[in-house]
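K.L.:
Following the hints, put chains B and C in place on chain A, whose structure we already have.
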Amino acid sequence: MSNRKKQLLILAAIAVIAGLLPELVTDVYLLNVVVLTLMFAALAQSWNILGGYCGQISLGHALYFGTGAYVTSIMFTTFGVSPWVGVFAGGIFSAALALALGYPCFRLKGHYFSIATIVIAEIGLLLVHNWDAVGGALGITWPIGQDSWWTLQFARDKAPYVYLALGLFIATWLSTYWIEDSRWGFWWRAIKDSPEAAESLGVEVFRSKMAAAALSAFFTAIGGGFYAAFVSYIDPESVMSFRFSLLFALPAVLGGIGTLWGPLVGALILIPFTEITRSYMGGFGNGLDLIIYGALIIVISLVKPEGILSLFRDRAKRGARS
Amino acid sequence: MTLPALLQVLASGLLMGLLYALIAVGLSLIFGLMDVVNFAHGEFLMTAMYVVFGLWLVTALDPVLLVPVTAAVLFAAGAFVYLAVIRFAMRAKANIGMVQIFATFGLAILIQGLAQFLFSPDYRSIPTSWLGNRTLAIGDVFLPLPQVFGGLISLLAFAGLYLLMNRTDLGKALEATREDQGAVALVGIDRNKVFALGWGLGSALVGLAGAVLAIFYYIHPQVGGPFALIAYVVVALGGFGSVFGALAAGLIVGLVEAFAATLLPPAMKSIAVYLLYLGVVFLRPRGLFGRL
Amino acid sequence: MTVNRRGILLGTVAAALFGRAAPALAAQEIVIGAVYPTSGPNAQIGVDARHALETAVDIVNAVHDIDLPTAKSEGIAGLGGARIRLVFADHQGDPQKGRAEAERLITQDKVVAVIGAFHSSVSSTVSVTCERYGVPYMCADSSSPSLHRRNLKFFFRPSAHDELFSLAMFDFLDAQRAAGMKVETVALFHEDTIFGTDSSNVQRKLAGDRGYDIAVDIKYRANSPSLTSEVQQLKSADADVLMPSSYTTDAILLVRTMGELGYKPKNILAQAAGFSEKAVFDAAGEKLDGLISRASFSLDLAAKRPSIAYVNERFKARAGRDLNDNTSRQFMALLILADALDRAKSVEGEKVRAALAGTNIPAERTIMPWSNCAFGPDGQNTGADPVLIQYLGGKWVTVFPEAVAVAGAKWPMAS
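Chains as they are written, first to last, in this note's numbering: chain A, 1 to 322; chain B, 323 to 614; chain C, 615 to 1029.
None of these hints come from the bench; they were simulated from the model. Keep in mind that the hints are not guaranteed to be accurate.
[As the list claims (entries may be wrong)] Pair ranges (Cβ atoms, derived):
(1) A:Thr78 <-> B:Leu405: 53 to 59 Å
(2) A:Arg243 <-> B:Leu586: 24 to 30 Å
(3) C:Asp827 <-> B:Leu379: 42 to 48 Å
(4) A:Pro272 <-> B:Thr324: 29 to 35 Å
For glycine and all other residues, C-beta sits at the position ideal for the given N, C-alpha and C.
Next comes chain A alone, as it looks inside the complex:
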């Protein structure tokens, strides 16, 4: 079986296991962790499209997450539009925003680009924070209603959210899968190996970067809309802050940037660890949970700078040689 087909099979297996989790796990808190893990895996996967494959390190993706959350919330709370429609509206709006911003920003290189993404996201946060029509600092509260797939509100049942987050992850994974084998993927790998290639490919590369940015923003915004439905309350700090931007990139980097499975692996390690250190150690207020969390990130970064995934690749290579 070709390697490509094998990847799809692995995805199917993971989907089945994840889909069964709500039946096997009854603890609500653990299911909450599952939802968050899948969600961040999806968000890291969509960040990876732009950051890992295309090589443009955005540290301002919280902007798209936030616009997705806000568009979905406003459409639901003010106009009564179902979040199903809202998340796609948010996605399209964010994709358009990414294109508009990408045009000037892609001229910037390296750290100048990254810092531009940070300040643009901060501008977005400040604008929303001071814009009373969208709630400003008071945020937007989703009205409490009956459990419903139409409004994506479920009082205690986490299973629907698990499925939705899983669906989002599968969508982002498939996009990455498709890109890897496409023209764009080929160009981007060429550029990474030889910058001169970028010169000769010129305009097409620029267009492909724009498309990557739009796609990445699209999925990130859907994630934001999902999050808004999941928590039923959003405010600027909770969906547009810099720490979210880092949380979208971190799993991808830790797991293996620019790889198909890196974001999932990174999320599987990072998110449960974050939740558990906070929940079972944070209540004491002595900062111990932060010390351990920070130490873990450092250790992983140092021990395997190419990401956890390279652990498996090295082993596979060694296995093939022997």
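P.N.:
The following block gives chains B and C in isolation, referenced to the frame of chain A:
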């Protein structure tokens, strides 16, 4: 706005700008040397503030006297961080920049946790000192002495840095290592030693800033965050790797922030700074004076 | 720490008694959850909250000869002397994390009620979660006026909210004006999160309604490195009353910057928060003599009510500081909950809720300057009268309203 008010805003903006420049230049130096953006820079600032506070508690010496000591402590801390952490992060063949960002991000969280663990999350301050709460009034313009002191330290530091980089062997070694890491090894310069010194120097500079800040600012584990963000913008605006750029950009940011707070709703004053950065960098993709 | 066997036993027995009008439960332990920020920029609030709640738990569990609910008996008499055990969780100021923690406390630790949360945004999501699980939520210290207006049956707020606080402030200004003082202009100075926004919205409206000129209305970014331009505007406006709504960090910077610019406000009338924290007065106390703040609590009422001094001593032994606006509310919230458990004689959600709804604790049996504690149908205590306290000579003195004032206000501040 009346003329005295205008002059006040101008003066305050410049003084704050000098401090921003001092905080930023350490970051710029480290980047210029080894292409690493230190995401724990704000936490280094916070550490310096706690160091001064701790020394003040123990020795009861005025913070002004403790400034050089703090810089020395931070020098050692910076060198240590390089040798213990950053050196290993740089082994990665691929995506070096990302790895270091996240290693230093983890470091930032770790340092915050340590600060909370050692000092509790309570807000500290140094209530009385030689310069604290003292102001120099020139007409209707008030120049708080701690900030004036900070401004002087900043200018001295920049002058010193200029001399170091251009007139000393160490400075030349730093320059050379930045230009071509491979070649310097052939000439017998130990790359690790140079980098450690570079980290130490960059940290000492932010240590100076932290020591000055502690005289008039509050201290707690998360105090570094807003300053770090400003520092990144200042460095990028001035141009990575340019010491003079950090100074110029710091002053500009200080002024723009101060005036934006009077012309715009103050809650949005940072937007002016960010738009300035974007405006500059879209026209000059390497910042004002960047060479990298 | 994780799933508590006694808690499960308790839950099972309670479930077995469901529907029966069965009285006393000879159980060992009642678990109560507390959700507070214990890491991040407001961690000190969480640390202090822990001290306040532990002081309250001690009052309930041990025998104390003071007139506070459940103090005189060991544990909760109505539940066979059952003792309270607190479980603390960190929400880091994030509404999603707060919700996750509340859910964990309810489903894993089987808490009988949840207390929280300081941040109004977190109280918003936590209270909804508690509603969904049928567990009472004691909103000890979140003051956003919108919280009790969401038709939640399990939401209880013993203390006042921003509208009541600001009302007291303007009632005070009216009184000063009526007594012939010059009170024509006010300066609003507020940070930009929910707290500052809610507070200033009410103040703006009241100023308009009662004929005060707003000389300057400054919304500033919380945790700004510099407030010089902002304070320069305050100085230029030089209003009769400066009304800041600031947390600790900004309060320290505000006071220091005012000193640096040579601006001495004629009067300061603060919306507590930072101005009720020890750190601010440690940093700049000498500049704040005469500052008046709204308060849920005032220490000098101890002269009339010995339980206040008693509790404060015990709190101070743990926390190294006096009770303040926040910690007093947290302390009281737990006692009110204990009182309800005592009357409910059950740990079942609906029964505790009904008991809370029927709360009627007279003022003398609390440590607060309230008229009493009785919850309206929306869960808001209708007797939660705030007071105004003034910082004089290093101590807080109650100056308003007249009924509880220990002394008249020193007005203007600098006189």
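K.L.:
Hint by hint, say whether it matches the structure.
P.N.:
Each hint, compared with the structure:
| no. | hint | in the structure |
| --- | --- | --- |
| 1 | A:Thr78 <-> B:Leu405: 53 to 59 Å | holds (56 Å) |
| 2 | A:Arg243 <-> B:Leu586: 24 to 30 Å | holds (25 Å) |
| 3 | C:Asp827 <-> B:Leu379: 42 to 48 Å | holds (46 Å) |
| 4 | A:Pro272 <-> B:Thr324: 29 to 35 Å | violated (59 Å) |
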